[in-house]
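J.: Residue numbers (my numbering), protein chains in the order written: chain A, 1 to 577; chain B, 1001 to 1577.
Bear in mind the hints are in silico, worked out from the structure with no lab data behind them.
Treat the hints with care, as some may be off.
Coverage of chain B stretches by chain A, computed from C-beta distances (three or more under 8 Å per stretch; other residues unrestricted) [to be verified]:
| no. | segment |
| --- | --- |
| 1 | 1027-1037 |
| 2 | 1060-1068 |
| 3 | 1109-1117 |
| 4 | 1143-1155 |
Positions of the beta carbon are idealized from the N, C-alpha and C atoms, including for glycine.
There are 2 protein chains.
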Amino acid sequence: MRWSKSLIPTLKEVPQEAEAISHQLMLRAGLIRKLASGTYSYLPLGFKVIKKVERIIREEMDKSGAQEVLLPALQPVELWMESGRYSDLGEDMVSFKDRHGKEVVLGPTHEEVITDLIRKEVKSYRQLPIILYQLQTKFRDEIRPRFGVIRSKEFIMKDAYSFDRDIEGLNSSYEKMYKAYCRIFERCGLSYIIVEADPGIMGGNVSHEFMVLARNGEDEIVNCPSCGYAASLAKAECPEVAPRPKTSLKPLKEVSTPDSKTIGEVSKLLDVTPDAMVKTLIYEADERPYAILVRGDHEVNEAKVTRLLKCSRLTLANERTIEQATGAPMGFAGPVGLKGVQIIADYSIRDINDFVTGANKKDMHLVNVNIDRDFKVDLWGDIRYIRDTDPCPRCGKGLRIEHAIEIGHIFKLGTKYSKSLGARFLDEDGKEKDIIMGCYGIGVNRIVASIIEEHHDEDGIIWPISISPFEVLILPVNPTHAESTEFAEEVYTSLLDDGIDTLLDDRDERPGIKFKDADLIGIPFRIVIGEKNLKMGKVEIKNRKTKEVITIPKEDVVSTIKDLLKKQKEIYAKGKI
Amino acid sequence: MRWSKSLIPTLKEVPQEAEAISHQLMLRAGLIRKLASGTYSYLPLGFKVIKKVERIIREEMDKSGAQEVLLPALQPVELWMESGRYSDLGEDMVSFKDRHGKEVVLGPTHEEVITDLIRKEVKSYRQLPIILYQLQTKFRDEIRPRFGVIRSKEFIMKDAYSFDRDIEGLNSSYEKMYKAYCRIFERCGLSYIIVEADPGIMGGNVSHEFMVLARNGEDEIVNCPSCGYAASLAKAECPEVAPRPKTSLKPLKEVSTPDSKTIGEVSKLLDVTPDAMVKTLIYEADERPYAILVRGDHEVNEAKVTRLLKCSRLTLANERTIEQATGAPMGFAGPVGLKGVQIIADYSIRDINDFVTGANKKDMHLVNVNIDRDFKVDLWGDIRYIRDTDPCPRCGKGLRIEHAIEIGHIFKLGTKYSKSLGARFLDEDGKEKDIIMGCYGIGVNRIVASIIEEHHDEDGIIWPISISPFEVLILPVNPTHAESTEFAEEVYTSLLDDGIDTLLDDRDERPGIKFKDADLIGIPFRIVIGEKNLKMGKVEIKNRKTKEVITIPKEDVVSTIKDLLKKQKEIYAKGKI
Chain A
1 MRWSKSLIPT LKEVPQEAEA ISHQLMLRAG LIRKLASGTY SYLPLGFKVI
51 KKVERIIREE MDKSGAQEVL LPALQPVELW MESGRYSDLG EDMVSFKDRH
101 GKEVVLGPTH EEVITDLIRK EVKSYRQLPI ILYQLQTKFR DEIRPRFGVI
151 RSKEFIMKDA YSFDRDIEGL NSSYEKMYKA YCRIFERCGL SYIIVEADPG
201 IMGGNVSHEF MVLARNGEDE IVNCPSCGYA ASLAKAECPE VAPRPKTSLK
251 PLKEVSTPDS KTIGEVSKLL DVTPDAMVKT LIYEADERPY AILVRGDHEV
301 NEAKVTRLLK CSRLTLANER TIEQATGAPM GFAGPVGLKG VQIIADYSIR
351 DINDFVTGAN KKDMHLVNVN IDRDFKVDLW GDIRYIRDTD PCPRCGKGLR
401 IEHAIEIGHI FKLGTKYSKS LGARFLDEDG KEKDIIMGCY GIGVNRIVAS
451 IIEEHHDEDG IIWPISISPF EVLILPVNPT HAESTEFAEE VYTSLLDDGI
501 DTLLDDRDER PGIKFKDADL IGIPFRIVIG EKNLKMGKVE IKNRKTKEVI
551 TIPKEDVVST IKDLLKKQKE IYAKGKI
Chain B
1001 MRWSKSLIPT LKEVPQEAEA ISHQLMLRAG LIRKLASGTY SYLPLGFKVI
1051 KKVERIIREE MDKSGAQEVL LPALQPVELW MESGRYSDLG EDMVSFKDRH
1101 GKEVVLGPTH EEVITDLIRK EVKSYRQLPI ILYQLQTKFR DEIRPRFGVI
1151 RSKEFIMKDA YSFDRDIEGL NSSYEKMYKA YCRIFERCGL SYIIVEADPG
1201 IMGGNVSHEF MVLARNGEDE IVNCPSCGYA ASLAKAECPE VAPRPKTSLK
1251 PLKEVSTPDS KTIGEVSKLL DVTPDAMVKT LIYEADERPY AILVRGDHEV
1301 NEAKVTRLLK CSRLTLANER TIEQATGAPM GFAGPVGLKG VQIIADYSIR
1351 DINDFVTGAN KKDMHLVNVN IDRDFKVDLW GDIRYIRDTD PCPRCGKGLR
1401 IEHAIEIGHI FKLGTKYSKS LGARFLDEDG KEKDIIMGCY GIGVNRIVAS
1451 IIEEHHDEDG IIWPISISPF EVLILPVNPT HAESTEFAEE VYTSLLDDGI
1501 DTLLDDRDER PGIKFKDADL IGIPFRIVIG EKNLKMGKVE IKNRKTKEVI
1551 TIPKEDVVST IKDLLKKQKE IYAKGKI
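Kindly produce the complete structure, drawing on both the sequences and the hints.
T.: Dropping the structure here:
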């Protein structure tokens, strides 16, 4: 490709709208442009990267025995009613009424549609196992699109679905996908961490997330440098705590705390540390109110509460419900004297005595509150988020909590969808059974952003060869020097003839701009054709990553480039880098 | 691919829901399944064909210098307001309100979005010309989805857009796309007809449609076997007619025609032929009423009326407007005595005297009506559809009207979008000018259906090698005969190693089913491994199209297949077949 004929609108300035480095560099290198909040146009350079990532995904999925399909984005709402997920996605799900008044869902994910296909086409164990996948645009009405293509309203997802006769089959399909995912991310040049994750509204028991560490990553993962334990923040376990002996308890006392509602305000007013306080949050789980108790310095982990209560919908109660349940305005809830509300407490508050809670009266708190003496806990559990001051739940040593981008997520769904939608098969033993499912997602656009998060320096992007929009950039320094441009054209033609993806910077621009743009767009190898060097029969090849420059006889340029590319490609082709 | 591990659910019966042969065969060969009205899932075999078509499109677009991008499907409604097309697409356009109450359009086409991109990124003549294209799913809320993937609510379109400095540039871009389209369709094995077409709501003056003849095609094209004239029915011109001398005119007379409203009813009642009658239709063009007059045996061509009136919106008037304009209920409109309504007449009625029209009174018609004596025509024009009894507008000889599927449509848009959206550039002469645009569409799914319409027989599909889901099918006749299956496996491995796209029918099915399925799914070459032949060291190769069978020594099978494939591929690679 000739740069002068291409739409590669590089930007000198860092766009104000962009927080994440990948977002900044995708805009600056002319990979994307914003159309509206949460939607981006991929320009030629950006879409070339997308296509290279897609090719790697297809190769690895095909190799694993998965078959590519393409399901409609427009989905009949009836399938979502059947699966029971219609309200699960809430406002994130886009739906509209068609001209005949029928509600149509704009596919945020495809478990329902694929299960509908399989229930109609698969009847016998002889048709199983089967893994189907697609590369498709998904839609979610994100409330706060952020970080460019990392959290957007429209994105390309590789979603795969496995169908098996039994758990052993699911385990084997899951492992195939797990390994294929590792190879895909490795071939893309990503250093990833695999964490145990919470399946959330997807359902099932087991799931793993593939994460890439990034300063602006929206997800947080827990990581133990000692034993290698890794989990999503939502999933990471906090150990059970033994109750502290209840000796010499102080008498319960009501104190006035005017206008002090938050842990911070009360802590300051009463001069107690947050870890000697208990937070009481009123939640509604499947429309019943619950009081959820965690230590003042801890945060409620809703995923854990949902699992503990085995409920399908958990939301913070609104002010009216709080007043009904506690008799007080928001900010003064406590467990003492609560009626008709189940009390669920985190293990960690077993370890404290004489703590502070709300008094269920406006502007009042209780001090010296004690479990059993002053109130009963209906259900104990691990319902809080782990913190980096907690010990590792596996080895007890120190933990790290880091920001990351989720690039893949795989789930052992079990029979969640086959049961609700009736996807059954006749087994070898003549019995009809539910098909056992798994599902497996990769965010294609996020891969591109994650690669940039991992591979860049202060000058711009440093593409791994496997997904770089071009393999080689030819840069004739002086466009008015006929010999330079002639030789550049000659090399350009030779490389294209050899099937090497080459960009020729034939623009009539100053050398400074060309060099800066070259660093910015980050092509791995750059052939610099300078007047002086050329007179001595030489050209330079610069490695974008190492910044290493070699000066070689001009007649060796094609063979040298081919050697360099071969070596680079071998690194990524092999997987683990 | 092994058939036993694939999802290729063939059907013996012709599905009742399917009218078009391509729709029937796509269902029967397991290429697609219907999800809901107008939406289809592509199964592995069907999606392989889509990908092969897409690859040909990409190769030819890239070769022509076009660059691939990917624009969002979610479009801000403001762009459609700016271009003035918000209401043009009517109910076909899907839009919805997002969670913040903003209206979002689900892209039916992308002129607005790409013009928005270009107005922001292109400033100078030095950045022009540029051609951008994408392969993307489009959405239209079709009122009557039909013929499977031919008219569906969700479809893959290759849409390209060219941006030029001047008309010469547009002509050159248009020619590049025109030629690329020819090569694409030829490489797909399609016999196509290029017709002059009406640009419709896309705008511009010049457009061409690429059509494939098909019995169930929704479009009609006019074709002159003598001079080669070809046009869409909407576009085909009817010649101007000289007025017939007005001698010995009969006196105007009102006759009672109770309950007779249609041309057929009145013709029967009064015993006059429809070509001696004049139909008067009340239309609203940009909210003003017009009386449109055509001969009783002709049909109004709304595209032509729109062009003649230079209006942006033309609709048949509702009953109320008709009563207001004519003073009579629907069915009795006529030109005589009409007030405040412009009368637009087709040339062909100049040729008749003493004709019948409505009387603008309930249950009354006029006979012996004559132009100029009884009413004046405000505007004459060619506003009717051509018929196969009309002479060719070029050579005057006989015409044919045939059904066809539109697979491509290219438009010289001119400045329609650049003017309304303000996409301007600074030219070499220092003047700011509107960018000159063209746009170019291909219906990818329709290509697949059209190929089947053209390439099938009573037994099933006959794929051209260029887009066949597999190149070779290996069919061991008796799956219990160890030597057959062993040899089949051996050939399968060899062909895969040689990069030949091969399907192995390793199913435990009766030979009859295997042979029928093989014909149905239409792979060009079939290697039949039979017990008897194998004992004599031989195998059969059958050509699906010619039904020719050759029996060859089994050790020659790979080399023979490679020769056959090479010859077949050369036919399609060259283009014109």
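J.: Could you run down the list of hints and mark each one as holding or not?
T.: Each hint, compared with the structure:
As drawn, the segment 1027-1037 of chain B meets chain A at 3 residues by the rule of a beta-carbon pair under 8 Å; at three or more, the given contact holds. Under a criterion of three residues with beta carbons nearer than 8 Å to beta carbons of chain A, the stated coverage of the segment 1060-1068 of chain B is upheld, 3 such residues being counted. Counting residues of the segment 1109-1117 of chain B whose CB falls under 8 Å from any CB of chain A gives 3; the rule of at least 3 is met. Using a Cβ-Cβ cut-off of 8 Å, 3 residues of the segment 1143-1155 of chain B lie near chain A, which meets the minimum of three, so the contact claim holds.
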